[in-house]
Structure formats: structure tokens, C-alpha cells
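Visitor: Chain residues, written in single-letter form:
Number of protein chains: 4
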Amino acid sequence: MNLLDEYKKVREHSNFLCSHLIKEDYSLQASEEVSPPKWHLAHTTWFFEQFILVQSLPNYVIKHPQFNFLFNSYYNAMGKRTVRNQRGLMSRPSVDEVMEYRSYVDEAMSQLIIQGDPKTAELVVLGMNHEQQHQELLLSDLKFSLWHNPLNPQVLSIQEYTPEKERQWISIEEGVYPIGFEEKGFCYDNEMGRHSVYIHPFSISSSLVTNGQYLEFIQSGAYRESRLWLDEGWSWVQQNQISSPLYWEENEGDWSYYTLDGMKKLDPKAAVSHVSFYEAQAYATWRGERLPTEFEWEVSQSQFEWGKRWEWTYSAYLPYPGFEVAPGALGEYNGKFMVNQMVLRGASVATPAGHSRPTYRNFFHPQFRWQFKGIRLAKSNNL
Amino acid sequence: MNLLDEYKKVREHSNFLCSHLIKEDYSLQASEEVSPPKWHLAHTTWFFEQFILVQSLPNYVIKHPQFNFLFNSYYNAMGKRTVRNQRGLMSRPSVDEVMEYRSYVDEAMSQLIIQGDPKTAELVVLGMNHEQQHQELLLSDLKFSLWHNPLNPQVLSIQEYTPEKERQWISIEEGVYPIGFEEKGFCYDNEMGRHSVYIHPFSISSSLVTNGQYLEFIQSGAYRESRLWLDEGWSWVQQNQISSPLYWEENEGDWSYYTLDGMKKLDPKAAVSHVSFYEAQAYATWRGERLPTEFEWEVSQSQFEWGKRWEWTYSAYLPYPGFEVAPGALGEYNGKFMVNQMVLRGASVATPAGHSRPTYRNFFHPQFRWQFKGIRLAKSNNL
Amino acid sequence: MNLLDEYKKVREHSNFLCSHLIKEDYSLQASEEVSPPKWHLAHTTWFFEQFILVQSLPNYVIKHPQFNFLFNSYYNAMGKRTVRNQRGLMSRPSVDEVMEYRSYVDEAMSQLIIQGDPKTAELVVLGMNHEQQHQELLLSDLKFSLWHNPLNPQVLSIQEYTPEKERQWISIEEGVYPIGFEEKGFCYDNEMGRHSVYIHPFSISSSLVTNGQYLEFIQSGAYRESRLWLDEGWSWVQQNQISSPLYWEENEGDWSYYTLDGMKKLDPKAAVSHVSFYEAQAYATWRGERLPTEFEWEVSQSQFEWGKRWEWTYSAYLPYPGFEVAPGALGEYNGKFMVNQMVLRGASVATPAGHSRPTYRNFFHPQFRWQFKGIRLAKSNNL
Amino acid sequence: MNLLDEYKKVREHSNFLCSHLIKEDYSLQASEEVSPPKWHLAHTTWFFEQFILVQSLPNYVIKHPQFNFLFNSYYNAMGKRTVRNQRGLMSRPSVDEVMEYRSYVDEAMSQLIIQGDPKTAELVVLGMNHEQQHQELLLSDLKFSLWHNPLNPQVLSIQEYTPEKERQWISIEEGVYPIGFEEKGFCYDNEMGRHSVYIHPFSISSSLVTNGQYLEFIQSGAYRESRLWLDEGWSWVQQNQISSPLYWEENEGDWSYYTLDGMKKLDPKAAVSHVSFYEAQAYATWRGERLPTEFEWEVSQSQFEWGKRWEWTYSAYLPYPGFEVAPGALGEYNGKFMVNQMVLRGASVATPAGHSRPTYRNFFHPQFRWQFKGIRLAKSNNL
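Chains A, B, C and D supply the protein sequences, listed in that same order. The numbering of the first sequence is our numbering, which starts it at 1 and goes up by one. The numbering of the second sequence is our numbering, which starts it at 384 and goes up by one. The numbering of the third sequence is our numbering, which starts it at 767 and goes up by one. The numbering of the fourth sequence is our numbering, which starts it at 1150 and goes up by one.
The following block holds chain A by itself, in its conformation from the complex (with noise of 0.2 Å):
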């Protein structure tokens, strides 16, 4: 496929997700962390015209001067942000104005791209990435937002839920072992700076721990016991009164969960997801194993499935070595969180076709759980 017809496809996908919903739902934030639909759609466009229309396409007129400041994000560079947690409040533009603001911005896009310009073509492909990116948290942020409704609505026809098969553990031989991204094609700068890492001998599991087994811990009162659970993840618990995955809910001995396709009865074999890394951990306590390393899961990934689930590892998201930031507004990408966040390998079914790589590092605070997060255990060998 040539770039333009990525680019409109990237694009389409974006609108793909909206499908289904009605212009109320496109201002839907329903915590500080989530964005709106709205917001999501905007921002990935404004990126497009920020980064790339501004500076190569002579002659391009800014469609809206003031959607620079509504809809740049956290890029403090840029100029003054609007509030963060005020987002749902921008009304307008309207939903269609934001639409119209999208097809202006694809029009120029197209012009640019049919220039073939490879300098132009390397932030078009990282355009594109990060609207990818967007697409994977506009789907988990509308399903959170969503579920706050009393009426349970469907965010979208897609099954989340598949049987897991049942567990193998592969075993890995300690050694050095390379890390980091080597191949051609796109990459974030954090995965960068391909560099060796020791690993010493372990076994991961070939399969993600279930609904049904997940189960098994909530029912052994693992809840109420503080010694399987990290200090903060037990205050966690305490002060939010945590009693099993998020969306998950208990009626007379019956589970139920809220998923893109409405509220369902719980599915034993199905892989369990939205829990927090505090919840991964003791779950992995309680068995009497422990989550993998970053660096365990990736020289292993080859030899199991993945793509289900957002995976925490038991590694806090840090820069590799001779990490550097960019200059400028795009260096604000990745190296500015690398504090208090756990790294999440893998994908998950949010995850747009073609985003996925086995050393992309995504990473979250270990209590946010609605994105979909699930766990894989690992054991140390020979130790």
C-alpha cells in the first residue's frame, strides 16, 4: 500500500470507531485521565497540521487559529495548554465543525504526501502513529466514559473476549541478550538504542491467566489479605474499596462484566483484563510466581501468542542506555513520563491493525486499569 492510501486509511479508522455514536457522546470524559472522542479526533488532525502543514505546505492556511490551543495536549512547548480535565466541557466546536477541520486537514495531508517528499514522509508515518495511538485510547477512554451511563450502552461490535488455551512454560537460558529496536520501519524513541541486557534463567507462561482463574483469587478472599499485595497497592484497595476487576460486577453469586458490546455475562476462558499492577502482582504472589521483566517478555515473545492483552511486567518504564530527548516539541514524546510508570508489553484488542511490535513499550501509573490490561506469569530458574 502507498503512503496516501495508509494515511486515508489510518484516517477512516479514527471514524470507524465513532460508528456507532451520537453527538452527546463525543464530549464524554468521565475522569481527568480519559479524553473525550471529540478531543481524541481533533487532536490527531491538529498534529498533522502542527508538525507537518505548517512547516511544508506553502501557502496553507490554518483552519482555526484557536484550535491550537484546544487541542494541543501535553505538549508544554507549544504554548499555554487548556486545562486538562476541562476537556468535556468544550461543546464547541461542534462535532461537525470538528469533522469539516478533519477533512480540511486530509485534503492538504494528500496534497503533501502525492509530493513524496521522504523528509515529509518520516513525520507523515509518525502521524500516523500517534493517531494510532489515539485510536487505541479513544476506545478504552469511550468504553470507561460509557460505562458511567446508567443505560449500558454498546460502544462497538467487537468481541473482546477469546478462550485462552491452556498454560506451557517456556524456558529461557540465561545469557546476554540484545534489546531494543533494530529493524527497519517506525519505531517511538524509546524503544531505541539497541543495547544487551543479562537475563537470568526463567520460564514464562504460553498463555494469559483467565476470568476463571482470576476468579479463583477474588473468591479466596485475596481482597482482605495485606500480605499479597504491595504496600501502596494494599492502601490502594483500602481507599478505593477495590474488590475485583474494573467493570466487573457481582449479583447474587453471578459475574457480569461491561464490554464494548454491552454488559455480558463473565467468560471463564476468556483472558482476564482492566486490572491494575497492583492486582497482576498479588494475583502472581498468590500463586506463588511473578510477573516478567520487560526484557524477559521481549527475548521470549517469539515462542508464545500475544495481542490480546496489554501485559504488565514487573519493570518501572526508565530509558534504555543512551536514551537521548529530541529537540523540540516532539522530544516532549516519551522521555518525560519516565518516572513512577510500569512498562505494559504486547497489544491488545484496542490496538489498531499494524501498531504493534515486539519491543513497543507502553506504560502506565500501576493503579489505571481501563485500558485493557491483563497479566502473564513467569518463574525464575535455578536460583
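If you are wondering where the hints come from, they were derived from the structure by calculation, not from laboratory data. Predicted model, so just to flag it, every value in this text is computed and none were measured. Since no wrong hints were added, every one of them can be taken at face value.
What follows is a list of derived Cβ distance ranges for each label pair:
id : chain 1 : residue 1 : chain 2 : residue 2 : range
1  : D       : 1388      : A       : 241       : 24 to 30 Å
2  : C       : 1016      : D       : 1218      : 18 to 24 Å
3  : C       : 928       : B       : 452       : 50 to 56 Å
Even for Gly, the Cβ is constructed at its ideal location relative to N, Cα and C.
Guided by the hints, dock chains B, C and D onto chain A, whose structure is given.
Guide: Chains B, C and D only, in chain A's frame:
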């Protein structure tokens, strides 16, 4: 006008207030204390359905069973409420569905009203007054929510501001005066219990404090002068870094303010609005005068013009002698708020025609400013 | 007794209240609203130094320049205050140094008092009343702070609880009554301005509500019954998980409470204490009666016994007609608190002898319970 | 030295650290994260009683049954804890009683130690190390608490600040290095599991960043420059209005700081201290360098002087390969804190003699500053 016509007129006025809105605006809720337009439209409708149709119209079929849950307000007696600060998350039911709900209930109400039952008529009048009260809130809530939008949208073509006349002192003699509602027609339970109050000699201003007069107060440094303020007022000023009325903006010495009709240059002749009780009280102290009590206001009100701004009094919102809470859900209307609030008297530009009277008691916490609140001064004589 | 003897007696009483303390107790501050014993002892001393000695005793040398800063309270006009919730962190000056400060000031005050200047005498009486007011606070603050100690220490050998007599209804006729201080002697500015109030016919109870009566209210499930409560009261109950008066503890059906004399079995005949205004009001509603206004209390108080518990009234703390704030620092005494507080009348077991009178107006926010507050009921007649 | 002498020496050092205190100081707790001196003295004693005497000394009688409750810390497995932020309210037991408790336990411990049981000896060494760890906390907690006193009291006659030498870059070769404790003697569980780490070529500074160097960073406007900061660091700076290290004060261009020995003029040659991880990281970014990892620190530490300041590393506090939590209450020691904290290496002026070693891993949340934390810089070579 007959009751049915009056009913229709009240109901249509709610729609009129939303005539400039796009669908995305109907869910706006900029703080816990305000409600989205859609919620006001549905809640006032639910009130007619729940307290009148369900009980008085045979064979009436409830539009949607969950609306009872969704659009209930503070009536704890009627069942589990939706969390107040999450009303803005109710993207569904849609605006169209709420409008359909209004039509459905209006049709049933019309059937019922023409039957002419006097007991029903009394409840209909209560429901109409309830909706009118929400119209005032709808407008001030909407102004507050749209103000958060950096695009400063117009709310409605209403001229908020007309010039004040020069002030005269109106003197009132000492003595025992009657207070409370005695006429025929509708009033709320909190106005009832006609009773005697001993009034000491005082004078009251014929006009409201203007923007120009208030600006002198600001320019004197009053917001940095603790001795002018009540202790809690001073804390409020400091914690919230208050330095002017709500909606005022200063730009290199020029003052403008956000109005229903968008941003405007500050009019020094118009009555000041959107001040807290703390600011009203500090202003009076700075002038060497004081706020009137609600009783002083009531016995003198026939001698001055009022109706542009709700006017802060130095009376706490307390029960009149013999006040009793009505049994059942309607009894939760007023009495339960009788602590920590101050009484406002008069009416405002947002008050619907026919919804004001001399005995009306409005009430708010002293820090709130988003209603159209103003300042009328008084002073004691010969004490 | 002459003024010097009275002065000494008041000052000695403060020391007496601390007679059971160890040095470690003098800094206790269990919440922002209470102050440590050492602070009370020093602040009352500072008051004499700052407002009397510095101005009236020639050649008086201030004990320590920083005490002006450390032991000031809310008198914003006197300079930068220490942060209120950090008074407990003031381990220095030591208890010994504070006691030395007291002696030093007492000696200078003695010199000054014997000179017999009438203007000074007036200020001395104000300072003595100020210290007596702090004695009441010192005792209730100390009880509150020591209650946090799992060892339940004894505060003082005071019997808090004596049995109530059977209740009689005392009827009062309708009419205009005089309110406020008129006698000779000392009173606060908030009691002044003898004025007329119109009273409607009512009855008031001769006795206070007892622990036994209040227990019935608890056992009826009243703390889970929203309709009995003011709206803010209900929020307070739920947010703080309130289910009984402060200091009460239930153990398998047996009730005990923490008293100045340590933990005791609950005495059902004694007057209930340590209730919030919300609880007092909910109790009255549950009984089908009501709280009196402060005016009803004042005109009827000669016909019943009072003095064990401060009694909540359903009157907000507001200025009397003609109230004016005194100029200078002393003017900050009372007027600045006239919003969001309710009036209490009477006195309590913690009130020093000679510090109570029928016109005394105490005031607190409706949620506070650590003073010795009780409930006297009233009802309207013929309305 | 034999074990009994070592035991006595450690215990006496705790008393020495309190030698300048008055009784009122022993309860100071200026924030939830710090503990009062009395609590440290009692808790370390309780540790010996609970984990050694109760289990190993026949006929040992517990000093006071409630001390188990009062002086427990985070060992959730041992019973209900006292609320952490209310330790300062424990005026009883008195300082004298706590000192008596220390003597009582010391006597019993002496009896036990001389019996020479090797299993007991191991636990005694753990208890001694536990007390030494608390000595470091006691001193930094006390400095923090006394700093809140406007009188700026002296904590102890310790010279915090000695000049740094000029910095040299020490180069380390690429390769696989051993990490973790291997020697004989005591170490914590988090240091164990000697294992291999692959190190890339880097250089590390021979000296710490000085106050003078840090002052240049301040004067360059770095605290107002978002691009220098991690995202959470920038929020922390803004929300807390941070503009210098803790304890620094500026007065018309002159800088001073609060030290254990009272307020002093800032020494530009001494190592900077009391900085957060965010500040350390921003400083490194500003210099175009970086913080070392804990592994880089460990493999190079023999080539530079350390021991004045705990040194922030850019390593998150995570388990070493094969780390396992010990069973029982002692197992709660370290593993439960392995999330959201950063590793510090080295030791500080507050570290007791004999309580430091190259493999020691200290850890704190990135925002905390009240310990003696400093900055050592590193840089990557040839990457």
C-alpha cells in the same frame, strides 16, 4: 389565561432558553453545583410525571422506567439518585429522546388538565413554579458552563445590563410589621406562616450598587485588606485568589465581562452582579453601611424598583415561626436546606415573567456567585 | 473581691486545669480547630501583655519579641500569624518558659492593677473574660486531644454528668420582648444593643434531653433515615460515618463514653452531650418538636435550670440591630465570625464560675461536637 | 567488639541523638511521613521485644501489653496499627516511661545475648541494623520537625557540610558485572541474590554537585523551565511552588539554610542536599549529563569517595533476580515497597558508623527531600 395555556407557556419557555444551543451543549456541567440543560429539561418533566401523572391519570404509562432514576434530583425519598456531579456524563438518553419525553408528558398533562380537577390544578401550579425555578437555574448554569469555553459563545440574546438611577435613602419607621405570604395564589412553603417581626428604624437604598462603584472598591485594594472581610470571606478570597466578581476580566486596565450575549466592555452604570455574600458584605463594610435583613427588605420593597438582581440580605435562611415540613417527597422541597445559607430577595434578569413576588425567599451558600446576585445597601437610624 | 484578687483567681484557674498534665501533653493538637494547652496558656498571657502592658505600663519590657508572633491567634491586624494547624509543632518555647512568661506578666499586671486606673480596669476585665473563654476551650480541646490516645488518660477529676429531672413544658406568651445585655458589668460586643424582638407563643422544656432518650433515637435507626436530617446534616453523617455522639463507644450492646475522668459506662439519666447541631435538629424532628430560637431561650431562661451544657438553638449567629465592629485589633473579636455558625446559649461544666449570663452568645459551626453541647426542646403553640 | 558491646553501643547512640532535646520535642511529627523521636525510641525497642525476647527468653514478661499496638509500624501481620499520622498525639506513655522501657528491654536482651545462641545472634544483628536505620530517620525527621519552629532550634552539634573536591570523570568499561551482596556479615534481603548485570560504557563523577553549582541552576531560571523537568516533576514544582532545595531561604540575594546546627549562611563548596529526585534529574538535564543507574554506581563506587549524602540514581526500586519475600512478619521488611520508589546509594552524615556498604539500597518516593540526599552525575560513553 386558563391553566392549560399557562402550562404550555411555561413549558415553551424552557425550550426557548435552549434555542441557541447545539446538541453538544446540552450535557455541559462545569461544576458539581450546576446541572446540564438536558437534565433541567428532563427533571422538570419527570416532576410532572412522577408527582401528577402517575397518581392522577388513569392508565398513564411511564415513558421509560429508568428516567425515574436518572432525572430525580435531591428527593431522597424517591429512590437511589444518580451521582450529582456526574450528570454531565449522561450522554444518553439523547437530546431528541428528552424532547420526545417532554412532548409525551405534555400530551398526557393536557389530557389531565382539561378535566379540571382542583386538587390536580394545585399540583400543576407547583410543577409550573418548579419548572420556572429551574429556568432561572438553567440560564445561570448554562452561562457558567459556556464561560469555560475559550470561544466565549453567546448564550441568548438577552441584555443583562441596564443603568441604575441615582440612589435615594428610603426611611422606615420602627414597629411591628407583618412578614410572609398572605395573598391568594401560589407560594412556597418557606414563605408561609404570616407572622410579626419587630423592625428597628432603618434606611434602604433605592438603587443597586453599580459596576462603577464596585470598581472603586476593587481599586482601593479591598481584596487585599483583611479587616473588611468576614473571617470565612477572607479565607475564601485567599484560597481562591479572588480579585473581582465572577466573569470579570482585566486587560491592561480595561475591564470586560462575560454576559449571556458574549464578552462585553464593562458598563459602569449597570448594577454589579455575580458577587458572593462575602463580597457584598465587604463592600458594605467598606462603605460604612450594611446589607439589609430580609425583613427590612420585605417591609420596604414596595418603595423601590427591584427585579434585575437577586439581592443578598444579612439574614440566614431559617424557618418562619410555625414552619412545618410537608409529609412525603414534596416535603423535601425547602426545609432541609435551612442551615448555612443566606437569603436573597427580589428576582433577576433570569427570572421568568410571573415568577417573582415580595415574599419570595431565595437562598444560597455565601460563596456562590454564578446566579445574577447584586447588592442593595441599608443603614440603621438612631441607634 | 477586688480586681487584683479576681485577676489572680482567674489566672490560677488556668494552671489548675493543667494540674494532671505531663509536659508531653502541653503540645497536643488533635485537629486544626483545637489548640494545645501550652498555646492557650501563652496566648491568654500575650493578650494582657500586648493590649494592656505594652500600652499602659511605662518601662514595661516585652518578655520575648517572638512571642508576639507565636501566640497571636486570629487577630490579623497584629501581624503575621503562625499557621493555625501547626501550633502543636511548637515544642519550643518549653512549658517551663511559658510558665515563666505567665509569672513575668502576672507580676507586671499586679503592679499595673493596683494603680487603679479605671480605663485599665476595663481592659483587665476584658482580658480576664478572654482567659475564661479560653479555659472552657482548653478543657474541651484537651479532652478531644487526649481521647486520641489509646490509653484513655484522665483529664481532670470533674464529674461531667448529673441526672436530669423530669421535663415540664414552660409556656411563654406572645409579644414584644427585650433582648440583649442591659445590666452593669462585663459583656461582649455581640450581646450589646438592647432591642425588641417579637416572640410568638411557644413552650420550652424545663430539662435537657438525656443519654437514655438519645439512645432510643439511635436505636430507632435514625442515623440511617435521611428524611430526619437537614441536607448538609445527612451528607455529614454519611461522609463521616457518624452513628452516635462524639466519645460514645458501643461494645456488644453496652455503651460507654470517654469523659474528663476517663472511660465510663453511659449514664442514661444524664444530659446528652457532644452532639452536632445536625444531630440536635434531627433528634427534635424525630420527636416532632423543635429547637428554640436564641430569643425564645433568652426570654424563658429564668424559668428553668441551665449551665451544664451549652444548648444548640435554631438561630444563626448574626449581628443585633445597630451592631458595630469596634475599631482596632479588639474589633476583630466577634463580628467577623457572623456567618455559617449557629448560636448556643447557656453554659457548660467546663465554663469557669462567674463566666455565664443569660445574654451570652456562644457560636459554632453546625458540625462541631467537641464542646459540651446539649439539646433543649421547644414547640410552637397555637400556630 | 563482642555482640553485647556492639548492642549497647547501638542503643546508646539513639540516646545520644536525643541529647539536646527537651521533653516537649519527643512527640514532634511535622508530616505523616515522619515519626516523633519518642516513637523511634520505642519502636526499635519493641522490635527487640517482639521478635526476640518474646520468642527466645523464657519467662520474659512483656513490659506493657499496649505497647505492641502503640509502637508497631508497618508490620500489618502483627495486628492493628496506630494511625500513622497520629503518632505525634501519643503524649502518653511519657518520655520517662519510654526510657524505662528501653532499660527494661536492654536488661533482658543482655541476659539473652550472653547465652551466645547463634540463631538469636542473627536476629540481634537484624535488630541492631533496624535501630541504626531508624537513627538515620530519627535525625532527618527531627531536623524536619524542628525546622517548623520559628525559633530555628539546634538539633545536634553535627557539621553537615564539608567542601567537595574538584570533579574528575571516572571511566568504566563495558561488560558483565556482578551485583549484590556476597561478603560475610549482615545485609538486607533486598541486596541479596548476587547476579550479573550488563553495563554499557560510562563515566561517573568523582565528586558531588555543590551548593554553588546548584545555585547557578536556580539562577538560570530552571525552576520555571518546564522542558528541563519530568512531567510529574514539573507538576510537583508548580503545585508546591518549589524554587530551591528544602531548608534554603533567600533574603535579598543572600542564601542561608537550616542545618542540624541551626540556620547558617549557604556554603557554596559543600555538596548540595535535600533535593528531590525531580530536582536531581532536572539538574542533570540542565548540565547535559545524567544520573547513574544503581548498577553503574555499585560497579564504580570503589573509585570515588562517598558517605556524605545519599545519592539519587535513575533506577527504580525493583527486586533482584530470584528475590523472595521471607515468611512471617519479618518478610514485610522490604519487598512490599518495590513500586514507585527510586533507589539511593551510598550513605549520609546521618548514617551511624558501620551502617553503610557498597551494596546497600535505600529507596524513597521521588518527591521526598527531608533526608540528606545529593547528586552525583554520570554520562554515557561512545553510544
